[in-house]
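S.K.: Spelled out, the chains give:
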Amino acid sequence: MNLDRESQQIFQDSARDWVLNSAPISHFRHQRDSQPYVSGRELWQEQVELGWPGIMVPEELGGSGLGMQELSLVIEQMGRSLTASPLLSTGLIAVSALSLCEQTDFSRSRLTSIASGELTVALATEEGNHHAPHCVSATARQHEGQWLLNGRKIRVADANSADAFLVSAKIEASDQLGVFLLPAEGVSVTPLAIFDSREHGNISFDAIAVPEQALLVARDSSTSLLDQILDRARIGLAVEMLGSANAAFEMTLDYLKIREQFGQLIGSFQALQHRAAKMYIELELARSVVDAALLAVDEGSTEIPLLASQAKALVGDTLNHITNETIQLHGGIGMTDEHDAGLFIKRARVTEYLYGSSAFHRDRYARLRGF
Amino acid sequence: MNLDRESQQIFQDSARDWVLNSAPISHFRHQRDSQPYVSGRELWQEQVELGWPGIMVPEELGGSGLGMQELSLVIEQMGRSLTASPLLSTGLIAVSALSLCEQTDFSRSRLTSIASGELTVALATEEGNHHAPHCVSATARQHEGQWLLNGRKIRVADANSADAFLVSAKIEASDQLGVFLLPAEGVSVTPLAIFDSREHGNISFDAIAVPEQALLVARDSSTSLLDQILDRARIGLAVEMLGSANAAFEMTLDYLKIREQFGQLIGSFQALQHRAAKMYIELELARSVVDAALLAVDEGSTEIPLLASQAKALVGDTLNHITNETIQLHGGIGMTDEHDAGLFIKRARVTEYLYGSSAFHRDRYARLRGF
Amino acid sequence: MATELERFRDEVREWLELNCPASMRTPMVDSEIPWGGRNAKFPNPDTKLWLDRMIEKGWTVPTWPEQYGGAGLSIEQAQVLEQEMEKINARTPLFSMGIFMLGPVLLELGTEEQKQRFLPDIARGKRRWCQGYSEPGAGSDLASLSTKAELRGDHYLINGSKIWNSEADQSDWIFCLVRTDFDAPKHKGISFLLFDLDSPGVDRQPIKLISGSSVFCQTFFDDVKVPAENLVGEENAGWSIAKRLLQYERQNVGKHLNKSFDIKLWDLAKKYSSSADGQIEPDLRSRIARQAIQDGALGLLIERLEREADNPNAGSMSSVMKVAMADINLQRGELAIEAMGAAGLGWQGDEFPEEALGEVRVWLRGKANSIEGGTSEVNLNIIAKRILGLPDPQH
Amino acid sequence: MATELERFRDEVREWLELNCPASMRTPMVDSEIPWGGRNAKFPNPDTKLWLDRMIEKGWTVPTWPEQYGGAGLSIEQAQVLEQEMEKINARTPLFSMGIFMLGPVLLELGTEEQKQRFLPDIARGKRRWCQGYSEPGAGSDLASLSTKAELRGDHYLINGSKIWNSEADQSDWIFCLVRTDFDAPKHKGISFLLFDLDSPGVDRQPIKLISGSSVFCQTFFDDVKVPAENLVGEENAGWSIAKRLLQYERQNVGKHLNKSFDIKLWDLAKKYSSSADGQIEPDLRSRIARQAIQDGALGLLIERLEREADNPNAGSMSSVMKVAMADINLQRGELAIEAMGAAGLGWQGDEFPEEALGEVRVWLRGKANSIEGGTSEVNLNIIAKRILGLPDPQH
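For the record, the sequence lines run as chains A, B, C and D. Note that the UniProt record's numbering has the first sequence beginning at 1, numbered continuously upward. Note that the UniProt record's numbering has the second sequence beginning at 1, numbered continuously upward. Note that the UniProt record's numbering has the third sequence beginning at 1, numbered continuously upward. Note that the UniProt record's numbering has the fourth sequence beginning at 1, numbered continuously upward.
The set of hints was computed from the structure by calculation and includes no laboratory data. Some hints could be false.
[Said to hold, decoys possible] Non-contacting residues of chain B with respect to chain D, defined by C-beta distances greater than 12 Å in every case (computed): (1) H30; (2) D33; (3) G117; (4) A132; (5) A193; (6) H274; (7) R275.
[What the hints assert, rightly or not] Keeping only pairs whose Cα atoms sit at most 20 Å apart, straight-line, the calculated EDC-like set for lysine to aspartate or glutamate is: (8) C:K208 - B:E260; (9) C:K57 - C:D30; (10) C:K87 - A:E303; (11) D:K57 - D:E113; (12) D:K270 - A:E260; (13) A:K278 - C:D154; (14) D:K208 - A:E303; (15) C:K126 - C:D141; (16) D:K208 - A:E338; (17) D:K271 - D:D392; (18) D:K188 - D:E234; (19) C:K186 - B:E127; (20) D:K385 - B:E127; (21) C:K271 - B:D337; (22) C:K385 - A:E303; (23) C:K41 - C:E167; (24) B:K257 - C:D141; (25) A:K257 - D:D141; (26) C:K126 - C:E76; (27) A:K257 - C:D392; (28) C:K385 - A:D337; (29) C:K225 - C:D154; (30) D:K385 - B:D337; (31) C:K385 - A:E338; (32) B:K257 - D:D392.
We put the beta carbon where it would ideally sit given N, CA and C, even for glycine.
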């Protein structure tokens, strides 16, 4: 179910207010400067109280039964303020996974736990340097009515504090990939110091047993569940990235309006005006694709894969361009650690990489179009 | 042999004077408007009298025994004025082919004929839509001490008036490609109306017999003669293209200094100033590569293939950018047929395609570098 | 609400099925574009039939009020009509600067008498309009125009010349910017006049473009008499009307150039590929993919801006669309030529496929997209100032 | 002539073979960069040995006259030396803003006394210099600087602050732009002063960059006394000296950042490729090829500009090189990060290869290339005005 425009606006305003009050960029900076890595768990309880983890969880399981469009209003605001939160991994990706699969007691109970804020989940699909979700070495073997999982996954977002992992594994004696929900107990997590300062980790799991229903099976088997989950992750991440791109752009625009050189506001220089206008055009194009992708998800359209790749590629290029221009147009001050420009560019490159780079998605887009 | 800088300057000045007096752009325009296609033959005799066809021919064969650096001074001036001439095909490409091969009576006599202006030659290597010099269907078969040549070649520059063709053909009962010099007699030429208005044609040859020595055999067999010839063609064409790019740029710069809008010379608008400055930077980078490539040829360096691809790719991108900006910065007037901007962009795209596009040469450059 | 719209969709689909002739469901051929006008020609009689049927429904201008020849549809209904027409590849029944440029302006700013006099003829394709804006000395700086109109009792006397008048030689009437006050600041002395191009003193000279066609004219006015009632808006207040019309023009340029271009590009790349199985060279394929992604985004942007027509920046947003369209279309043209290789170098002749020759002309004609209807530079200025609020230099 | 140069080449090769220690033929490690200065450290004793041998030959500053510590080589000879050093991967024996920036300016514009006083120490790495140009309010608009210097008898009294002083906390002396006349037009009241950073009243505060390092300082001056004879050029005529030095700086920035970067990029792409045989993904490969072609062109441009040092535009050409270098290096950094994928996201820790961690810092540090030594925007202005002769707006 989707809200009407007016209710969406109210929803967005409340998300913005919370972010501005509880999680402004200064909060992220403070976390970064005082902790080995920035964990999203610190503010999680407040988000749980606002009902955000359950936005997409059906009402009968304790959620709000809304769509990705509504959840994205919150995620975009978080992107604007670089808020660290498990909301994308848990409220969007895990909820999508548990909703797209055939419903079982297992899936329903996990959705309920997510909605109530008791369970956070991290998506663990990568094994190599570049996004290649179908190249999987991790394995799953049936044993006495359970699955035994073996393998390792790298650079898992939100890994360090997650209660469970969604992992992809090759099902032994078949050529199929399965997606499993694996509790964090018994999983070994090596935290990584990545330049966006968020919590990421490499994980490994050695013969961990999970119940049969921990294998999530797609309801719509026309595409693999893994791809369905990843496409939603890509779109959700594109929303966050668009929020960051807009915030970096607005920060730059503000600077152009106050910084003077040569007796002029630098925003009056035509060369800079044209560059700002071009960034704005890119942002508008990117937003159009992201909006269409969100609508496609909520409508269950067959265009989801195409729009997911289109959105991730376009937003990635836009964010890359804008974060570079943000530093350049700020000049020296943008190079200093105390300025926020660096926080944006560092987070930007991590998100550009995550769930497939722009190059990956250009290629995938062409393949999906039949070329 | 190369001239010293001062003598090169004198050489260049005389080429510029001739082009400005005998072959300005208005001359090309006049030819275009009054003939089915523009043939370079019309002004050829004057160029012969200036000794240009023989610049690279050894002195003992009637030429000047100079290098490609000297010939390029003329070709660049012709590129500036869009002068149609067989000089590139004959004086550079054919002379290179006939000099790089093992010297025979055949090769020597042809070099002599070129130097004296009696022989023009067109390079015929293409068979498909995209440059792929090693995919050849044309064949050569030995028969009674002669070669019998069969095949067709497309989009041959200067085809319609050429006295002979350099063609590539697969040597039967071997997996080798040979380069043959084939007289125009018996070759069927279909003129093409290409948008640069020059003389181009498709040719076909059906069991034409040529003497044994018409097969040119590389003296330096480390790379194929065909590649050696093509690399020189690419560098020579890059010189022409650089001349065109510079002329289009200068025409645009002049316009920026006289056109007024909003009570200002448009060249005073910073956004346009920066765009002009960026074009200038591209031109300077391109010239640096072209100069290095010319030097490499005259020194017989092993870097020729790499520099040829680098030059063709870079000059192609530069010319593409500049010819587009030439129209844009002239505004409506640049869109009219009566303005020269259109002549430049049309010639530009034909030269970008010829002997391999920028994309072809990026790929080749990477391969040559081992990637 | 949704059900009502779905009911409308069903009606539309049914009507189209019955009324759109088969030959009107094929790609438009240049020679069959229905421009209307006094001298309209219909080489294919189906074109006329289709036009008449659509006129009867009011669907040449579906959102206009019925009394002016429209059907009074809502924006949502008009989108449904458009979608259903696209589904069966139905051709647009009538192309016209009257529909997309002059009409909306008259609806907003014309007198009731002017609306009744001009709008129904536009809706029915009776009169073909062209634009009289630019002058040789007034391009980007349009407001510096100097074509003079002097009020002489009941008429204006026009002297001067206009340039880039699209198909003026084929058109019946012109909507024309003229200077009615030479002493006022440049934006304050401009008026917006409508007049017949067959009036004595009008001379239209086609301009040949680099694409070989002559889609524009330079038009000279020598003591042309125009009835005073043909003035739209107040005298000397024409600049705001002119800008409003430009916004409609920019929206329209974006809208019309985007359709199915990227599919064609992939097809060209495959068809003229040098590999037997139509594989596209990787470097080119990457760039086409990038272009297709942007092209698709442009289509989605246009749809979004239609939905958000109540956005306070809607007018300036037409500049965003216009610049994006011009950029993306320029890339598209270059990629098309590159993709065809040798086949894409032809100017004319049987040796080249007809579609390739067409692409060459489209490529060259497309270079004007970033110039006509306001250059990209002018539109970037508009975005910087009106949307982004960037300052002017201080002196 | 050529033979004489070839004889020189043989001599150089032989000398290098004998005198360049093996460890000085390996890639430079950051901790071993020989910056010289009062507190120079040589963690590897070979660095000191190599420096001393090169000083003895005058080859730390090969083209400077012998009386100032150089070897009086011609440009061609210096290029031969450079080529031969490159062939054996010999490290640069001494890095120094004195060599590339202050030295050439003093050679051109210093008094004989100043040359003797400062140049030999630069050649021998005895004194480490830093630059005092930008101020918080004077970045691109450098000439609006406001650090004040008042002449008080035999010395100037300096008050104010400078920013972006490269490694000021590690340096001994500063070449500093100060305002000596607040009433004159901004370009006419600037002077060029040299002074010791250990002087009382100097406070150096390192600035942490986004790359995590602190290669720049903000430096505060509170009643710092500088002997009047440390003025270079005339009082209030420092602006032209400042600009000349910037040209040398720009040349140098280009020169030092270009070396072997593109080979490394290919290697990274192969090494961190996801395919077992090191195949590079086609879209990335195309873009690296494009970058490598430009990178190579930049190297050739730099060589050409060295050969054409008599070009009347040589000064402004340093702006061409500077902008090209910054653009190309920015692309290079982005491609390096992209090529490494997950391995290229690390900030620290054993989980990431050391070279990948290094590349991340280089990528971030490189963002300053288009800012330091004059922003790309300022350099584009210079090219447009000085080389292309484009006009200023009329008011």
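S.K.: Are the hints correct? Go through all of them and say.
M.R.: For each hint, the structure was consulted:
1. With 12 Å as the threshold on Cβ separation, the claim that H30 of chain B sits away from chain D holds: the shortest Cβ distance comes to roughly 31 Å.
2. Listed as outside the interface, D33 of chain B is consistent with that label: its C-beta sits roughly 33 Å from the nearest C-beta of chain D, beyond the 12 Å cut-off.
3. Once the 12 Å rule is applied to beta carbons, G117 of chain B is consistent with being away from chain D; the minimum gap is 35 Å.
4. Annotated as non-interface, A132 of chain B keeps its C-beta farther than 12 Å from every C-beta of chain D; the closest such distance is 18 Å.
5. At roughly 33 Å, the least C-beta separation between A193 of chain B and chain D is larger than 12 Å, which holds for a residue marked as non-interface.
6. With a closest Cβ-Cβ approach of about 5 Å to chain D, H274 of chain B is found to fall inside the 12 Å limit, against its non-interface label.
7. Here R275 of chain B does not stay apart from chain D, with its beta-carbon only about 9 Å from theirs, under the 12 Å limit.
8. For the hint pairing K208 of chain C with E260 of chain B, the CA-to-CA distance comes to about 24 Å; that exceeds 20 Å, so the pair is violated.
9. Between K57 of chain C and D30 of chain C, the direct Cα distance comes to roughly 25 Å. Violation of the 20 Å bound is thereby established for this hinted pair.
10. With a C-alpha separation of about 17 Å, the suggested pair K87 of chain C and E303 of chain A falls inside the 20 Å cut-off, and the hint holds.
11. Between K57 of chain D and E113 of chain D, the direct Cα distance comes to roughly 23 Å. Violation of the 20 Å bound is thereby established for this hinted pair.
12. The straight-line distance between the Cα atoms of K270 of chain D and E260 of chain A is roughly 45 Å, outside the 20 Å bound, and the hint therefore fails.
13. A threshold of 20 Å between alpha carbons decides the hint, and for K278 of chain A with D154 of chain C the separation of about 48 Å lies outside it, so the pair is violated.
14. Proposed proximity of K208 of chain D and E303 of chain A is contradicted: the alpha carbons are some 46 Å apart, above 20 Å.
15. Between the alpha carbons of K126 of chain C and D141 of chain C the distance comes to roughly 33 Å, so the proposed pair goes past 20 Å and is violated.
16. At most 20 Å may separate the alpha-carbon atoms for a hinted pair to count; K208 of chain D and E338 of chain A meet this at roughly 8 Å.
17. This hinted pair does not check out: K271 of chain D and D392 of chain D have alpha carbons roughly 50 Å apart, beyond 20 Å.
18. For the given pair, K188 of chain D sits about 11 Å from E234 of chain D by alpha-carbon distance, which is consistent with the 20 Å threshold.
19. In summary, the hint linking K186 of chain C to E127 of chain B is not supported, as the alpha carbons are separated by about 60 Å, beyond the 20 Å threshold.
20. Restraint check for K385 of chain D and E127 of chain B: the C-alpha separation of about 48 Å exceeds 20 Å, so the hint is violated.
21. A hinted pair counts as satisfied when its Cα atoms are at most 20 Å apart, and K271 of chain C with D337 of chain B does not qualify at roughly 31 Å.
22. A distance of roughly 37 Å separates the Cα atoms of K385 of chain C and E303 of chain A; the hinted pair therefore is violated under the 20 Å criterion.
23. Of the pairs offered as hints, the one joining K41 of chain C and E167 of chain C holds, with about 15 Å between alpha carbons and a cut-off of 20 Å not exceeded.
24. For the given pair, K257 of chain B sits about 16 Å from D141 of chain C by alpha-carbon distance, which is consistent with the 20 Å threshold.
25. This hinted pair checks out: K257 of chain A and D141 of chain D have alpha carbons roughly 16 Å apart, not beyond 20 Å.
26. Taken as a hint, the K126 of chain C and E76 of chain C pair is broken in the structure, with Cα atoms around 28 Å apart against an allowance of 20 Å.
27. Distance check on the hinted pair: K257 of chain A and D392 of chain C sit about 10 Å apart at the alpha-carbon level, within 20 Å; holds.
28. The suggested pairing of K385 of chain C with D337 of chain A is violated, with an alpha-carbon distance near 31 Å, which exceeds 20 Å.
29. Restraint check: the Cα-Cα separation between K225 of chain C and D154 of chain C comes to about 10 Å, which is no more than 20 Å; the hinted pair holds.
30. With a C-alpha separation of about 31 Å, the suggested pair K385 of chain D and D337 of chain B falls outside the 20 Å cut-off, and the hint is violated.
31. Pair hint K385 of chain C plus E338 of chain A does not hold up; C-alpha atoms about 30 Å apart against a cutoff of 20 Å.
32. A hinted pair counts as satisfied when its Cα atoms are at most 20 Å apart, and K257 of chain B with D392 of chain D qualifies at roughly 10 Å.
In summary, the structure is inconsistent with hints 6, 7, 8, 9, 11, 12, 13, 14, 15, 17, 19, 20, 21, 22, 26, 28, 30 and 31 from the numbered list given earlier, while agreeing with the others.
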